[in-house]
Each structure stands twice: as structure tokens, then as C-alpha cells.
Amino acid sequence: MTTRTTHLRPLVHAQRRRSILPWYFDLSGKGLFLLVALGVSLLALLALAQTGRVVTANYRVLELQKREQNLLWEQEALLGRLARTEDPANLEQWARANGMEPLAPGDVVFLSVPEKWTGTAAPASGLAQQP
Amino acid sequence: MGEFALQARRRTLFVLGALCFLSVGLLARLLDLQVFRRDFLVGKAQECISMEKTIRARRGHIYDARGRALAVNEKGYVLWIDGLALKEGLKDVGPVAVFMLAEMATWPDRATVQTYLSGQGTGNILWTRWLDPKDVEKLRKVMEVQEERLEGIRLKGGAYLEIEPRRTYPYGSLFASVIGYLHGESPPDDREVTAYTATLGIEQFYDLLLKGRDGLMRIERDAKDFRIPIGKYEEYPAHDGANITLTLDLNIQYQAQRLLAKAMKEQDVEARRGDIIVMDPRSGAILAMVTIPSFDPNQISACANDEQCKKLLFTNPAIGWTYEPGSTMKILTIAIALEEAIIRPESTFECTGEVEAAGVYFHNWNGLAHGHETMGEILLHSCNIGAATLNLRVGAGAYYPYLERLGFKEPTGVDMAGESSGLFLTPEDDGWSEASLASNAFGQGIAITPLQLLTAVSAVANGGNLLKPYVVQAIEQDGVVTATIPTLRGRVFRQETCREVTEMLAGIGAIKGEDGGPFVPGYRVAVKTGTAQIPIEGQVGYEPHRTIASTIGYAPAGDPRFLILVRIEGNSVIWGEDAALPVVRELTRYLLTYLQIPPTEEVPSGP
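Heads up: the sequence lines are chains A and B, in that order.
Numbering-wise (the numbering used here), the first sequence opens with residue 151 and increments by one.
Numbering-wise (the numbering used here), the second sequence opens with residue 365 and increments by one.
I should point out that these hints are in silico values taken from the structure, not numbers from a laboratory.
Please note: incorrect hints may appear among the correct ones.
[What the hints assert, rightly or not] Pair ranges (Cβ atoms, derived): (1) A:Leu-184 <-> B:Tyr-597: 16 to 26 Å; (2) A:Ala-187 <-> B:Leu-394: 56 to 66 Å; (3) B:Arg-401 <-> A:Ala-187: 35 to 45 Å; (4) B:Leu-391 <-> A:Ala-199: 36 to 46 Å; (5) B:Gly-389 <-> A:Ser-191: 33 to 43 Å; (6) B:Glu-966 <-> A:Glu-251: 18 to 28 Å.
Here the structure is a predicted model, which is why all the values come from computation and not from measurement.
Cβ atoms here follow ideal geometry from the backbone N, Cα and C, with glycine treated the same way.
Please construct the entire structure, taking both the sequences and the accompanying hints into account.
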């Protein structure tokens, strides 16, 4: 038996299929109405879902903005608090209360290092020598 | 066709005609609304649903040289009262709330407060600005929160707590005259974003940079003023202000203020006012600038009933008020005479106790004759006769150009608002005589600001360069830091002249210690005191019972790291040596330690 193979173009292929399956796209009025209603409902549902997502995202953005603003306020407040804590008047009072005294120039010892180091560098005793 | 059918046809035609007529009418109306009046109606609708919101730019911070915040923007509450809502809600809020509101009202006058609290007020009124956080909590409890948002809190009974950034200065009066302040004003009923005015100092001078640029948001809103998420949305973001780092150091500023306050209290009759400026003579950077009395920039309303305080709200005396510098001016007199080669450091002079110029006789501050003096001794004895004689020998033609080159005719150009220029007569002016030239030598007949004097003396300290003083070290905007580079205004003296004058001043410092020894053991400190008379306002002559005591000092003398000017205005006659010199000494000691400056001299060890 010989077999003939034909390469059908897509439209022809669809036409063939319709002729093989006669109920294909052959909807009654009711069916069509239901299909349209279903389609519209799906579209409405999609729009609703998207709007819902937009609204939710918007509230999340608002919440984030609120949090950001609150954090900024907190940062400013902490900056102010830190500055007040560093107030030298308070620090001085605290230091004096704890028996500390301000330094006088004579209390500071300045060590002078020679401009040119004339000694030789040697590893401290007890340290392993590098090969 | 029967009669009935005809009638039915007529009726049908009539109904059809009526329907057509109505349809045409409807169409016409639609055309009118949708086409002809479209823009007007769309505009009306937009007015109802669209809203413009200002996005406030964050004002830049101000930091000291070591990064400590000197000006920040904290959360503040402004209380608004809606008159009509209050009228409705008075019975609900209760007497406690009414009493609290009466206590809090600071902005409007008492009569207005009374009107509102009795339910007669109409419209919104700004009740009080900057409520204490504790008061906010109390109000929230007493008046019950209706709605809380990012922008504010709506309370029952017509109160609205609007959240606004409040500029706060953590160190209060310590930096007030240098930094300035921000003052917000809104007329009652105005619900727009408050307009702020920056006044004085850094706040005013750098206002444009600090305030940034406000943004704008256009949204569509619902009935409750919330944004409709799927509505139109446009945003032009705000551009935050720049952060500014000053050359001023909190610790130096604090020590200067502490020592000045102590010295002013220690005077027999409490001093009227005083100021200290500390400068780095190598760059012109100002390390501290203190004025007493001062004001609290967080509570400027406290100045309302104090005339002195009110003046300080608009001027920084250290840069804005001129005075006759007195004997501290002799540093420049000697420098000019040396520069003009009229004298040499080893030159001598015979002080007879009197000198005459244009028929005016001048005497020393103590009325005595100092006899044979070297140039250094003219400074040491603060000899008016010596200084006046030198100026007369230098001559007006050479002397006044120096004063101009030293910048006394114009403001120094420091980056702060409210600076004044100096005032003195020159031979071209009416009223000038040789007597003016002689008196200028010892700091009379010439009015300059403390900063002008300090800048001029810094030219002597640093080897002859006149620098532009500055207080801003760096400006940071959008992560980009712009640092200030010292600006040279010109060369005034030769290095040799400066070295010679410094030697003379260090000679004074060598015997002005507490025990008559070195000013600060281990260091060479250049010092000159001055006692200036105060001209009587609007009259010729000087106040007989009041003086200004001042002292200028810099250390280490050969390579100065700081230059100090202390000025104290007395309520009585006070002397530079008694009132201002000890402050310079204490501050010098502190700075030498704080800036970790090693000793330049051998400290004699005890027996």
C-alpha cells in the first residue's frame, strides 16, 4: 500500500479540521452568550485583581513611606540626642564628679623622635627567625 | 383606515416626536457638557479631586569641625484649631481640654483665644507653634485621636497637630551668634507650608544651599484626602539641602565661653558684654567665636521683652559692631613704622609724657612719662606718646594706605551674614587733622570690628599675609564634598617685619605670667593688652566711667597655631591687663594642650 503525504498550509489544515469536527466553533446562541459572559467575567476579574494589586501595592508604598519618614525623624532625634550627650558642660560636670581634672600643659609629656633613626632593626628575642 | 387606527397612529407619531425632541434635547445637552463646556467642567472636577502637595526638602545639618551636630531638624508639632469644629465639639472635649488649650495658646492674642474657646471663632487659627512632646501626649489623651497620618494628627473637637520639621540647636546659646537661627511665620488662617526666614550667621549666609529645593506631588484624592491609587500621579522630588561642616570646634567654643563668662562675673562691677574670637592665623579658619550675652536660638520668643537680646537677634557683635580698639592697635602701628623703615627694632625713643598734633595734646594712659624706651618697650608700656610720635613720622600718606590694605575700609568677607566695615577718617575727609593720625596710632578715632582687628593682626602673626577669615570648612551635597581653600587677600608686611614685631610681643608674653614669669611655661606667646575708651553716642568725647578691656595673643610665637582676641566691655573702668589678659592666658594653656602643641622652650626645672 502506498501512502501519500501532503504538507498542508496552516489555514487549509484548520479547514480540514473543521470539516472533520463539524461542532468546532459551531455554538448555539446560549453557548455563545455564556462564552461571552465568561470572557467578560474573566476580563473583569483580571481588571479587579490588577486594581486590587495596585491598591495593595500603593498601601504598601504608603506604609514604607511612613516608615521611612519615621526613621528619618528618629535619625534626626538621635542626632540631636547625641549632640546633647556630647555637651562639654555635661561632660565636664560628670568628669569632675568622678574626680577628674582638666589637663594643664605641664601634665602632658611630649616625646621627641629623632628625624633620622640611626639604630639597626633587629627582631625581638624569642621571635622565630625567618629563613 | 378606521378612526381608531388613525388616532393610534397620531399618538404614536406624537410619542415618537416627543421622544425625538427629548433625544435632541439630550443630545444638545450632552454636546454642551461634553464639548462646549468640557474644559470648564473638567477643571471643576480636577479641582475637587486633584491635590498638590509640597514635598518639603530636608534642611541641611550644620556640624562642628569634629562632626558634632550643631543644627538638626527634629520632629515638631504645630497646633491648629478649627473654630467651627471647636464650636461643635466644645461639649465633647470637656473643660480639661479647654483649659489645656487656653494654657497652650502662645501665638494669637488673648482676646482671640477667648473668642475661640467660647465657641465664637470661625476658620482655622494657628494656636501655637512647637508644642512640647509631653503636651502632645496630654492632648492626644484629653481630646482623643480621630485620625493619624504622616502629616499630622487630627483630634476630636477641631484640633489638628501638624507635624513640621523643627530646626533645633542642641548647644543652645553657645553657637547662636555664629550659626543664626530659623524663624517660621504663618499668618493665622494660612494652611500653606510655613515659610521660614533664616536670620544671622551661617543660616542666613548659606540659606540657599542649606534649604535645598522643595518638591511637588500632584495626586488625585478621595473624599478623605487619601491618594486614589489608580488616579493620576505626578512627582517632582525634593532636593535636600547641603550639610555644612564648620571650622569651629565645640570644645574650644565651650572653653572660650566658660572663661569669658567667668571673667565677666569676676569684674568688680559685672561686665556689660564680651566676645572672644580664636583664629588659625595660617589659614584664616575661625576656631571659636563667642559672644556674651547671647540668646537661645531654640527660644527666640524669649527675647521679646529684652532690648539687648533683640539687638543680638540681628547682629553678631564680633563681626557686626565696631569699636575703637585702643592699645591693641599699637601692634599694627609698630609694624607699619618698621615696614616703612622709620624705625629699627633697636631704635630708641624718649617719652616725655606728652605729644602735640594739630593743637591737640596727647598723654599716656597713666599720665606719666616713660622716659627712654626701646620699640619693644613702647609696646610693653603701651606708650601712647611713642605710638603717636611714630605715626606722625610715618605720615598720613603712608599710614592710611596700610589701613586700607589691612582691610579696615571693607568687611573681611567672612562667610557669615551681618558683617560691618570699619570707619576712620583719611586726609581726604572733612574733619581729619594730624591729631587723627596721632590718635589712630593708639586705636582712637578709628572704629573697626573685632574680626577686622584679628584678621589684621593675623597678617603679623603669619608672616605678612592678609587672609580672608572663614567659618565653613566643607559643604557636602549629594555625596560631593567641597572643601574651603584659604584665600589670600594680599601681602601687607615683609616676613622680617613680622618676625621683629612678634619678638617684641613675645617679650611682653615672657613676663606676663601669673608670677611675672612666662605667659605659659615652655612656650613663647606673643601678647598685647589694650584698654579702649568708649565714645559717647551722638556726642564728641568719651565715656569717663566705662572702658573696653581687650587682649590679643598668639602662640607659639614663631609658628603660631592660634590667635586669640578677648574683648570685655565693662560697666565701669576695667583694664585689659586685669580683665582680658587672664582669659587669654587660660585659653592659651587650654589650646596648647588640646591642640597637642609641643613646648618650644626649655621649662626650667625647680630646685
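Do Ala-187 of chain A and Leu-394 of chain B keep their Cβ atoms within the hinted range of 56 to 66 Å?
30 Å, violated
Indicate whether the distance between the beta carbons of Leu-391 of chain B and Ala-199 of chain A respects the range 36 to 46 Å.
For Ala-199 of chain A against Leu-391 of chain B, whose Cβ atoms are near 38 Å apart, the range 36 to 46 Å holds.
Does the beta carbon distance between Gly-389 of chain B and Ser-191 of chain A stay inside 33 to 43 Å, or does it fall outside?
For Ser-191 of chain A against Gly-389 of chain B, whose Cβ atoms are near 37 Å apart, the range 33 to 43 Å holds.
Cβ separation of Leu-184 of chain A and Tyr-597 of chain B, checked against the hinted range 16 to 26 Å
Taking Cβ atoms as reference, Leu-184 of chain A and Tyr-597 of chain B lie about 39 Å apart, which means the hint is violated.
For the pair Arg-401 of chain B and Ala-187 of chain A, does the Cβ-Cβ distance stay inside 35 to 45 Å?
38 Å, holds
For the hint 18 to 28 Å, verify it against the beta carbon of Glu-966 of chain B and that of Glu-251 of chain A.
Holds, since Glu-966 of chain B and Glu-251 of chain A (Cβ atoms, about 26 Å apart) stay within the stated range.
Checked against the numbered hints above, the structure breaks hints 1, 2 and satisfies the rest.
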